[in-house]
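A.B. asks: The sequence shown finishes on residue 146 if you use this note's numbering, and the numbering steps up by one all the way, no holes.
The hints are simulated quantities; they were obtained by calculation from the structure and are not laboratory data.
Note that the coordinates shown come from a computational prediction; the quantities given were computed from them, not determined experimentally.
C-beta: ideal position from N, C-alpha, C; glycine also.
Errors might be hidden in some of the hints.
[What the hints assert, rightly or not] Simulated restraints, written as ranges between beta carbons of each label pair:
{"no.": "1", "residue 1": "D62", "residue 2": "E134", "range": "30 to 38 Å"}
{"no.": "2", "residue 1": "P137", "residue 2": "H92", "range": "31 to 39 Å"}
{"no.": "3", "residue 1": "R57", "residue 2": "A27", "range": "35 to 43 Å"}
{"no.": "4", "residue 1": "G103", "residue 2": "S145", "range": "22 to 30 Å"}
{"no.": "5", "residue 1": "A79", "residue 2": "A55", "range": "33 to 41 Å"}
{"no.": "6", "residue 1": "R49", "residue 2": "I117", "range": "16 to 24 Å"}
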Amino acid sequence: MAVLVTGRILLDTNVFINYLRVGRHGAWVWGGRESRIRFLSAVVLLELRLGADTARRERAVDRIQAAFPAERVVAPTPALFDRAGALFRALHGTGSRLRDRLGRMNDLLIALTAWRIGAAVVTANSGEFNRIAEHLPGLVVVEPSP
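Work the whole structure out from these sequences, hints included.
C.D. replies: Shown next as structure tokens:
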């Protein structure tokens, strides 16, 4: 069953990647008729740039970035970085057993940024974001519909 999401949304990296690879989630990426105000996380932009290893992929990231006015590109504040460190410890301890600590930290920064601006996180990685939401009252996590 599809859930109607209105208001502020912040898209996780995997939503953009699914769009770029197989054309899924276009309405989430480019907007639709729903009453949504889309935001782009600077952390998501970083992850997309890291994967832009060809000229074609660079242009795709350029198009995505251009679709968001500068005031809708949001970054974690110093206080959110501090809170991310504390949340990482609460969720993962030192993280020494994780294969990918950076990805988990990026998810925390994306979640905290969404939480700070009152936006729902739209992600195909709802399991990890729901774990984070247990520590951030009010954070809404939504899986994108095709």
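A.B. asks: Now tell me if each hint is right for this structure.
C.D. replies: Status of each hint after checking the structure:
no., hint, result
1, D62 <-> E134: 30 to 38 Å, "36 Å, holds"
2, P137 <-> H92: 31 to 39 Å, "20 Å, violated"
3, R57 <-> A27: 35 to 43 Å, "22 Å, violated"
4, G103 <-> S145: 22 to 30 Å, "24 Å, holds"
5, A79 <-> A55: 33 to 41 Å, "38 Å, holds"
6, R49 <-> I117: 16 to 24 Å, "22 Å, holds"
Of the hints listed earlier, those the structure fails to meet are numbers 2 and 3, in rising order.
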